[in-house]
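Participant: Which chain is which? The protein sequence lines are A and B, in order.
All residue numbers for the first sequence refer to the working numbering, where the first residue is 233 and numbers rise by one.
All residue numbers for the second sequence refer to the working numbering, where the first residue is 233 and numbers rise by one.
Just so you know, not all the hints are guaranteed correct.
Given that identical chains are not distinguished, each listed pair holds provided it fits within a single copy or across any two copies.
What the hints assert, rightly or not - Here are the simulated DSSO-like pairs of lysine-lysine, each with C-alpha atoms no more than 30 Å apart in a straight line:
hint, residue 1, residue 2
1, Lys301, Lys265
2, Lys265, Lys298
3, Lys265, Lys363
4, Lys266, Lys607
5, Lys607, Lys265
6, Lys265, Lys411
7, Lys298, Lys266
8, Lys363, Lys301
9, Lys266, Lys363
10, Lys526, Lys607
11, Lys363, Lys298
No wet-lab data here; the hints were simulated from the structure.
Number of protein chains: 2
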Amino acid sequence: MASRTDLAYTVIDGGSITTPKGFKAGGLHCGLKKTTRHDLGAIVCEVPAAAAGVYTLNQVQAAPLKVTKESVGEAGTLRAVLVNSGNANACTGAQGEEDAYRMRDDFAAQLGVTPHQVAVASTGVIGETLKMDRVSSGMAELPARLAATPDAADDFCQAILTTDLVEKSVCVALPIGGKTVHIAGAAKGSGMIHPNMATMLGFVTTDAAIGSEPLAALLRQATDVTFNMITVDGDTSTNDMLLAMASGLAGNEALSEAHPDYAAFASALIYVCEVLAKAIARDGEGATKLVEVKVRGARSDASARAIAKTVIGSSLVKSAVFGADANWGRIIAAVGRAGEPIDPETIDIRIGAIVTLEQSRPVAFDEEAALAYLKGDTVEIHVDLHVGEGEAVAWGCDLTYDYVRINAAYRT
Amino acid sequence: MASRTDLAYTVIDGGSITTPKGFKAGGLHCGLKKTTRHDLGAIVCEVPAAAAGVYTLNQVQAAPLKVTKESVGEAGTLRAVLVNSGNANACTGAQGEEDAYRMRDDFAAQLGVTPHQVAVASTGVIGETLKMDRVSSGMAELPARLAATPDAADDFCQAILTTDLVEKSVCVALPIGGKTVHIAGAAKGSGMIHPNMATMLGFVTTDAAIGSEPLAALLRQATDVTFNMITVDGDTSTNDMLLAMASGLAGNEALSEAHPDYAAFASALIYVCEVLAKAIARDGEGATKLVEVKVRGARSDASARAIAKTVIGSSLVKSAVFGADANWGRIIAAVGRAGEPIDPETIDIRIGAIVTLEQSRPVAFDEEAALAYLKGDTVEIHVDLHVGEGEAVAWGCDLTYDYVRINAAYRT
Numbered sequence: 233m234a235s236r237t238d239l240a241y242t243v244i245d246g247g248s249i250t251t252p253k254g255f256k257a258g259g260l261h262c263g264l265k266k267t268t269r270h271d272l273g274a275i276v277c278e279v280p281a282a283a284a285g286v287y288t289l290n291q292v293q294a295a296p297l298k299v300t301k302e303s304v305g306e307a308g309t310l311r312a313v314l315v316n317s318g319n320a321n322a323c324t325g326a327q328g329e330e331d332a333y334r335m336r337d338d339f340a341a342q343l344g345v346t347p348h349q350v351a352v353a354s355t356g357v358i359g360e361t362l363k364m365d366r367v368s369s370g371m372a373e374l375p376a377r378l379a380a381t382p383d384a385a386d387d388f389c390q391a392i393l394t395t396d397l398v399e400k401s402v403c404v405a406l407p408i409g410g411k412t413v414h415i416a417g418a419a420k421g422s423g424m425i426h427p428n429m430a431t432m433l434g435f436v437t438t439d440a441a442i443g444s445e446p447l448a449a450l451l452r453q454a455t456d457v458t459f460n461m462i463t464v465d466g467d468t469s470t471n472d473m474l475l476a477m478a479s480g481l482a483g484n485e486a487l488s489e490a491h492p493d494y495a496a497f498a499s500a501l502i503y504v505c506e507v508l509a510k511a512i513a514r515d516g517e518g519a520t521k522l523v524e525v526k527v528r529g530a531r532s533d534a535s536a537r538a539i540a541k542t543v544i545g546s547s548l549v550k551s552a553v554f555g556a557d558a559n560w561g562r563i564i565a566a567v568g569r570a571g572e573p574i575d576p577e578t579i580d581i582r583i584g585a586i587v588t589l590e591q592s593r594p595v596a597f598d599e600e601a602a603l604a605y606l607k608g609d610t611v612e613i614h615v616d617l618h619v620g621e622g623e624a625v626a627w628g629c630d631l632t633y634d635y636v637r638i639n640a641a642y643r644t
Numbered sequence: 233m234a235s236r237t238d239l240a241y242t243v244i245d246g247g248s249i250t251t252p253k254g255f256k257a258g259g260l261h262c263g264l265k266k267t268t269r270h271d272l273g274a275i276v277c278e279v280p281a282a283a284a285g286v287y288t289l290n291q292v293q294a295a296p297l298k299v300t301k302e303s304v305g306e307a308g309t310l311r312a313v314l315v316n317s318g319n320a321n322a323c324t325g326a327q328g329e330e331d332a333y334r335m336r337d338d339f340a341a342q343l344g345v346t347p348h349q350v351a352v353a354s355t356g357v358i359g360e361t362l363k364m365d366r367v368s369s370g371m372a373e374l375p376a377r378l379a380a381t382p383d384a385a386d387d388f389c390q391a392i393l394t395t396d397l398v399e400k401s402v403c404v405a406l407p408i409g410g411k412t413v414h415i416a417g418a419a420k421g422s423g424m425i426h427p428n429m430a431t432m433l434g435f436v437t438t439d440a441a442i443g444s445e446p447l448a449a450l451l452r453q454a455t456d457v458t459f460n461m462i463t464v465d466g467d468t469s470t471n472d473m474l475l476a477m478a479s480g481l482a483g484n485e486a487l488s489e490a491h492p493d494y495a496a497f498a499s500a501l502i503y504v505c506e507v508l509a510k511a512i513a514r515d516g517e518g519a520t521k522l523v524e525v526k527v528r529g530a531r532s533d534a535s536a537r538a539i540a541k542t543v544i545g546s547s548l549v550k551s552a553v554f555g556a557d558a559n560w561g562r563i564i565a566a567v568g569r570a571g572e573p574i575d576p577e578t579i580d581i582r583i584g585a586i587v588t589l590e591q592s593r594p595v596a597f598d599e600e601a602a603l604a605y606l607k608g609d610t611v612e613i614h615v616d617l618h619v620g621e622g623e624a625v626a627w628g629c630d631l632t633y634d635y636v637r638i639n640a641a642y643r644t
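Assemble the whole structure, with the sequences as input and the hints as a guide.
Facilitator: If you want it as structure tokens, here you go:
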């Protein structure tokens with residue numbers, strides 16, 4: 233993804249989750265997916281990495297969530313995370329839990345680490361038990377495939393995908409107290425995307441020295457303005473999980489709130505999460521474009537977030553964007569039903585640079601120019617409410633024939 | 233619609249909004265729609281009818297809402313309601329308000345009644361001012377078209393449609409204190425349907441004698457379990473309005489809570505609203521079938537309603553129904569994210585008669601039978617939570633290619 237050097241961090245072109253010191257990754261096809269795409273992968277750290285997780289708030293949670301929460305909660309460190317796609321291991325009862333524990337314990341044994349130093353994650357179909365013979369064969373082969381190379385990182389990124397079309401990965405570097413620290417991330421997500429406190433699957437690696445508590449705080453803060461601000465279809469998954477692992481091998485003095493570079497690290501972490509979140513939105517099931525809704529002038533940031541998420545989640549707005557129709561009426565209707573304090577007479581709406589509504593009054597605009605803009609691969613919708621200073625950005629995608637096609641035929 | 237005589241009321245086949253004594257209706261094409269379908273209609277009562285309204289909770293409200301609230305609020309009676317389709321008269325500023333008042337005042341003058349005895353309603357595109365010359369020509373011609381015939385009622389029903397495919401109307405009769413009372417209704421709605429305290433446009437006529445206050449109370453009660461329980465796309469309109477008018481010409485002793493037939497009247501009114509609400513859901517934009525979600529065993533009825541609406545609103549569930557895929561995983565995922573108290577281990581899910589989940593464990597089922605059932609024109613989804621006695625029913629439709637086609641090209 234594009235290079236950005238105007239900030240305190242530098243985007244590393246070609247960087248990956250194995251760029252931070254201490255991390256290897258890998259992936260292979262063990263047979264859970266019907267295609268030949270990889271479906272089993274792992275990230276392994278050569279030292280115990282400080283770890284933090286954010287998980288779905290769906291009350292129905294998949295078995296691997298329980299196991300991973302237990303592992304991360306145990307000591308706040310992880311040596312590895314094992315991920316399968318093709319099967320969510322959700323609503324699979326006692327058998328599902330047994331399988332998730334067996335994935336954790338067997339992989340830990342192969343790596344020669346204790347079970348609670350391994351996290352597990354699954355994504356795919358709900359309600360089918362795992363083909364554990366295939367997972368076991370894959371696990372046996374996986375350690376030999378682990379490497380700190382871009383290719384091995386790509387193998388991992390492919391292994392976590394379901395209906396995604398593209399792999400999603402990013403890496404940045406920044407100076408922390410004179411040492412170079414890297415933060416990298418990989419994610420998957422295309423359908424059942426409406427994260428609530430977490431997202432589908434996201435993995436962040438860093439070689440920064442940082443304890444698991446400040447890491448958890450920063451991860452939650454970053455999640456609130458990135459993964460929690462995207463939606464593909466309004467459906468919150470049973471398997472959402474974002475895990476961060478910090479190896480500490482960059483050699484910096486451990487980061488805490490008192491550290492002078494704490495804010496710089498936080499901002500770089502937000503950037504990494506934002507790139508991944510936007511990549512998930514752009515790769516939403518059936519999507520042809522990324523939609524970015526920017527709300528300002530709300531009573532508070534929280535209010536702006538609620539309004540931005542209502543607009544980005546509107547099926548009518550999403551369909552209009554697909555049809556390249558500058559239908560601002562659907563945008564203002566969504567703003568009005570968000571349940572947040574607004575003044576219905578003071579709303580401005582801009583689509584890209586095209587002003588369509590000022591102080592809630594339609595503005596004549598160039599339909600040809602609007603059509604041309606809406607046919608692009610990124611559409612920005614700006615809403616200014618003029619009732620306060622709150623602002624927020626949300627990301628989503630258009631609603632297309634392909635979304636229906638993909639989801640009308642997913643399971644069968 | 234089908235005859236039902238097992239209840240305290242009888243469905244009148246061929247009945248319409250002009251069956252209750254005192255009402256005439258009519259409709260014509262004045263040129264607001266590009267097609268030749270009617271786009272201007274009215275219901276007129278020969279006496280002042282007790283009136284009550286329920287309106288959208290969207291904070292952005294169209295001009296006719298303001299005018300109608302003023303009319304209904306003035307004396308609690310109405311002589312007429314004038315409706316146009318093809319233009320919502322929403323976000324049209326001072327000009328829009330002026331136009332809505334002019335519709336009310338001019339039509340009142342033609343009928344020889346006072347302005348506040350006329351309500352107005354609009355539906356269609358947001359943000360364009362009304363072509364008032366066309367509306368005026370139509371209004372001049374309309375009084376001569378009004379009649380108490382089924383054909384005239386049909387003309388009205390057609391005049392209020394937008395992307396709807398079918399007209400929606402129902403009529404019942406019941407004895408009230410020895411007199412025969414009729415309740416009839418007409419409605420429209422196909423897109424931007426996620427009513428919050430009201431629905432798109434609904435009109436109920438009755439010849440019962442009832443004051444505007446008990447009528448308003450019963451209308452709100454009926455709305456909560458009917459129109460407020462349907463969703464097509466999760467978008468609440470700026471123009472939602474449900475109006476009831478009672479002529480009193482049935483000659484019954486005025487209905488109040490103390491009247492022995494009050495409950496029978498309430499139940500007949502709920503039936504009328506339910507028929508119309510289900511008809512809107514079945515005629516949802518692009519829909520190929522009606523989906524009915526029945527939740528029981530929730531902590532409370534309110535909780536059951538929230539869960540039922542979350543399931544019926546899930547794009548993933550809706551796509552699966554379109555694809556005739558018995559994808560109960562998406563149903564339980566929606567139940568889990570509804571934010572209501574559940575026990576994730578005690579959920580039963582049944583699709584029609586086919587049990588797919590018992591106590592949150594998958595049950596092997598006949599995929600062929602499920603496919604055959606899901607290909608029908610009505611799909612029932614039953615969820616039993618086993619945590620209480622609360623229950624609710626919600627109605628919606630499937631998400632199809634046609635929904636996207638219709639909404640990707642609506643305005644342009």
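Participant: All the hints need checking, so say for each whether the structure fits it.
Facilitator: Now the hints, each set against the structure:
no., hint, result
1, Lys301 x Lys265, "within (26 Å within a copy, 58 Å between copies)"
2, Lys265 x Lys298, "within (24 Å within a copy, 57 Å between copies)"
3, Lys265 x Lys363, "within (11 Å within a copy, 58 Å between copies)"
4, Lys266 x Lys607, "between (34 Å within a copy, 26 Å between copies)"
5, Lys607 x Lys265, "between (34 Å within a copy, 27 Å between copies)"
6, Lys265 x Lys411, "neither (42 Å within a copy, 68 Å between copies)"
7, Lys298 x Lys266, "within (27 Å within a copy, 57 Å between copies)"
8, Lys363 x Lys301, "within (23 Å within a copy, 62 Å between copies)"
9, Lys266 x Lys363, "within (13 Å within a copy, 58 Å between copies)"
10, Lys526 x Lys607, "within (19 Å within a copy, 41 Å between copies)"
11, Lys363 x Lys298, "within (20 Å within a copy, 61 Å between copies)"
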